Amino acid sequence: MIGRLVLVAFALALASPALARDPIGTAGSFRSVGWAQCRAPYEEWKQGACDPAPVDATLSGSSLARAHIERSIALLAQTRTEEALKAANAAVAIDPTNVSSLTFRGRLLSTLLKLDAAERDLNAALMIEPTNPVLLASRAEVLLNAGKGPDALADITAAIAQRPDDTDMLSIKARIHMSRGQVDLAKRDLEHAVSLDPSDRRTRLMKAQAQFRLGQFEGAVDDATQTLAISASDLMARETRALALIALDRPAEAIEDLNVLLGPPGQPTTTVALRHNREILFQRALLLAQLGRREESNHDIEALMLSGGKQAILRVQLYLRRNGFPDVRIDGERDTDFDNTLRNCVLDRACGRGITRHI
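Those letters in the sequence shown? Residues 42 to 400, per this note's numbering, in order.
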């Protein structure tokens, strides 16, 4: 179950913003969106209060196209994604065969998960420059997200042959290897990327998660800790470290990280209704029970039962009936006997681990 949690965490990490020192990066989807702050009220922001000025109408040709791209980047900084796409469209409209404009819009479309449109732009640019490594790497990521792993691997291999030290390309290649279950190869690429830029939060986090999947839990803790040193607010790094600490049987330290993620027992700060959060919350309940902190464990179980409703109670009752508690009623209702039985299950590691998927 912990393995499934880290897979979800890995997927989420890929979507989270990187540090804004180079928000665009070199290839693939952009590293970050929304790295600038707009101090205007929300409604005014929606109306464009923090938008950059329109492009200079006296410009022409490639200069005008470049101005539209620069404006698109400034709009991305404000999370004005649809307006950014309009600016990118304007750049391409000036010259539909301009490789730079097609590349930028293709990468923007990939960032917005408009995969078909992104692939069209990148294919059009590759017709003009078939060996361009940025185009090949960017298309590789699109193909990966579209479930076309072998084609993605062919593209990224050709790209990295030209740019073996490009951290964005190495990151894309690592993701492709991860999707194919080749975690050892992914780790090798990520080690190279981290050696090139130790301050890159994304590759450091991906390396931590690759090590987790390989069962190298001490390494996962070390890399997650270094990721948190770069960005203390990185929740994916904190979750990865918590899961690795659980695997290392270091429950007290894991609980500290889980408290940051979830809020203290009885005072959740996350949406418990989300399945992923429920699974993590139950992990904490198990750990708290393991350490004899019954009252806090009970708080988490209470939150889980309230969030799951009658259906969750029925599922748990059925599980308990089949796993050593034959006297449990099957009625979808909670009472003292049910709560006590559930707590006894939580105290038993085998029963507690098995019940997670039923909550």
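Hints in this document: simulated from the structure, not taken from any laboratory. Owing to the predicted nature of the structure, the values given are computational and were not obtained by experimental measurement. C-beta: ideal position from N, C-alpha, C; glycine also. Certain hints may be false.
[As the list claims (entries may be wrong)] Using 25 Å as the maximum straight-line C-alpha spacing, the simulated SDA-like pairs for lysine to any residue come out as follows:
#  : residue 1 : residue 2
1  : Lys189    : Gln223
2  : Lys189    : Leu226
3  : Lys155    : Thr99
4  : Lys189    : Ser236
5  : Lys351    : Leu332
6  : Lys351    : Gly333
7  : Lys127    : Ala81
8  : Lys351    : Asn364
9  : Lys155    : Ser101
10 : Lys189    : Gly66
11 : Lys127    : Gly66
[As the list claims (entries may be wrong)] Estimated spans, in silico, between C-beta atoms of each pair:
#  : residue 1 : residue 2 : range
12 : Gln223    : Gly365    : 38 to 46 Å
13 : Leu100    : Arg291    : 29 to 37 Å
14 : Thr122    : Glu374    : 42 to 50 Å
15 : Gly373    : Gln308    : 21 to 29 Å
16 : Asn130    : Arg375    : 34 to 42 Å
17 : Asn364    : Gly256    : 51 to 59 Å
18 : Gln203    : Arg229    : 31 to 39 Å
19 : Asp238    : Asn130    : 30 to 38 Å
20 : Glu294    : Trp86     : 34 to 42 Å
21 : Asp225    : Arg356    : 31 to 39 Å
22 : Ala158    : Glu374    : 14 to 22 Å
Consistency of the hints with the structure:
no. : hint                        : in the structure
1   : Lys189 / Gln223             : 16 Å, holds
2   : Lys189 / Leu226             : 18 Å, holds
3   : Lys155 / Thr99              : 32 Å, violated
4   : Lys189 / Ser236             : 29 Å, violated
5   : Lys351 / Leu332             : 29 Å, violated
6   : Lys351 / Gly333             : 28 Å, violated
7   : Lys127 / Ala81              : 22 Å, holds
8   : Lys351 / Asn364             : 20 Å, holds
9   : Lys155 / Ser101             : 29 Å, violated
10  : Lys189 / Gly66              : 23 Å, holds
11  : Lys127 / Gly66              : 21 Å, holds
12  : Gln223 / Gly365: 38 to 46 Å : 40 Å, holds
13  : Leu100 / Arg291: 29 to 37 Å : 60 Å, violated
14  : Thr122 / Glu374: 42 to 50 Å : 47 Å, holds
15  : Gly373 / Gln308: 21 to 29 Å : 27 Å, holds
16  : Asn130 / Arg375: 34 to 42 Å : 56 Å, violated
17  : Asn364 / Gly256: 51 to 59 Å : 27 Å, violated
18  : Gln203 / Arg229: 31 to 39 Å : 19 Å, violated
19  : Asp238 / Asn130: 30 to 38 Å : 32 Å, holds
20  : Glu294 / Trp86: 34 to 42 Å  : 40 Å, holds
21  : Asp225 / Arg356: 31 to 39 Å : 37 Å, holds
22  : Ala158 / Glu374: 14 to 22 Å : 51 Å, violated
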